[in-house]
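Student: Fit chain F to the given chain R structure using the hints.
Single-letter residue listing:
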Amino acid sequence: MSITDRFRALLQKNPILKNVLVLLLTLGATIGLAVLLSSVNNDYNQFAMAVFIMAVVIVARWTDGYIWGIVAALIGTFCVNYFFTYPYWTFNISYTGYPLTFAVMLVVSILISTLTTRIKNQERLRFDIEREKMYSNLLRAIAHDLRTPLTAIIGASSTIQEQELSTADLIRLAEGIRKDAEWLVRVTENLLSVTRVSNHGMIKKEDEVLEEIIGSAIMKYHRLPDSLPVDSDTLRDIILVPMDAILIEQVLINLFDNVNAHAEGASKIWIHLRKENGMVFISVEDDGCGIPASLLPHILDGTYMSKRNRSDDRRSMGIGLSVCKSIIEAHGGQLFAGKSRHGGAAFEFSLPCKEDMYV
Amino acid sequence: MSNKVVQKILIIEDDPGILNYLKTTVEAAGYETVTATDGNFALHLIASHCPDCILLDLGLPDMDGSDIITSVRKWTLTPIIVISARDSEENKAIALDSGADDYITKPFGSIELLARIRTALRHSLTAAENKEIGIDGCYHVGELEIDYKKLRVCVRGKDVHLTPNEFRIVALLGKHPGRVMTYKSILRELWGPSAPMDNKILRVHMASIRRKIEDDPTNPQYIFTEVGVGYRIAENTQETDD
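So the sequences go chain by chain: R and F. Oh and the first sequence: position 70 is 70 in our numbering, straight run, nothing missing. Oh and the second sequence: position 14 is 1014 in our numbering, straight run, nothing missing.
For reference, chain R alone in the conformation it holds in the complex (with noise of 0.2 Å):
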């Protein structure tokens, strides 16, 4: 981590020393300018006040609450007072018409702070309803899906409980129960990998090895029914890619499970990986039905659910792919959807990946 992730971390942390850092900077660059001001220009306290009262609308804007804008305006009526406005380097208030000046200057300083303050909090508050919208139709739709599979499952092992069943029926009804649970256990993680991408904002990142998470997503879904073979490359080099590595291997396993889930006719899938200018594309491909040309424009952008007919099918609801927009546009990467060389769909994503290491 450098030196400057470090102080980010730091301020984030602590809201009030980020605050009086503004606060003293902002404060310390004006007695600056006012000074610089004042040599180039004699009749310069009217200089002076307009720049205490930017000062003021920056601390406002750069700080968190009110007070921090109130503060900068007293200390900003006072330097001015005290070094700008004669007689000098003395706060005084008894010339004729100084009191007035500086009460005007210090509310004005007030109103000033208090006003872009409120803006802020306005924006914040847009910004929050925007992102509570968003919650609100990705949990509707998420409670729709999840109710099918639900069904399912209440009505199979009421059934077992209540009725005389061969020991044929019973396995059926079990095997049901189980695969409608897997599919909820899918659901269910894509549904955490994406409070882990929106709960911290910054992800945590530590440096892996790519093919440890590649190999370790190929065999978590090996353990799935139905699940293909996984073909890999392996790049000659070990090179190291920042990533938050339980985030990626969703990524992986939504893409696998995305082939067993449209890829109609696929027998196969591979992994492709290059390296290109700081960059590592991670490549899924299959050799199934691809992706039909008219759909390619919106698969990735979240219009591509309602555009299908197949409406009642749960496994069409694919909030797989927009889970693993997100997870790649945290890490800085993109993902992209094209014709495989195999025939069928390709899913590519990139990350960005640290220099070759030693090996």
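Straight-line Cα separation of at most 30 Å, DSBU-like style, residue types lysine-lysine; simulated pairs:
1) R/Lys179 with F/Lys1106
2) R/Lys204 with F/Lys1200
3) R/Lys268 with F/Lys1106
Treat the hints as calculated values from the structure; they're not laboratory data.
Tutor: For chain F alone, kept in the frame of chain R given last:
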């Protein structure tokens, strides 16, 4: 197996649904079970029943899971398998470092659960060294051979030429087949207690080891990655009749 005493498993789990599932599965596999729904009661049961293996859910209402592990470890080496959620790698690592033998991630199937119990019973902490290391000083799994006398690792009979550090990592894992070794415990074992906790070095070493011993490093047969927690070496799955 006929004259063998039935092994006793203590299940510590506060959710009645999961407890019911665990109890049924473990009993159906021929073990005896004792159950506890909170930490304090569990500690009493461990003292009075001396179970052969403990299944411990990390999210208990009255006690922190790792506190239970620490206090159990003060006086017994009974294998502990921790049951934890998927997204808490840190808790898993803490549990393993405070003395748990293994972990299993929710949700899990019965096959996986029973396999973990068997592994834990076989290689409990009481076995300081891997019993499968024969008189010849070798541990064999699949076509991999770790030769503790000649300090080398062979695949299909051919020396793969590991560096000394690489050998020490593989040798350490080979002493605990089937068990997860956390990054921290490997680093501490290899470079001493004051070693810098730099997982990066370990990862690069491991990548290099994989290139030497695995046919396909992204599809490992011998050393598996437990993302965010550590590494596990493959164990011989055929049951040894003892």
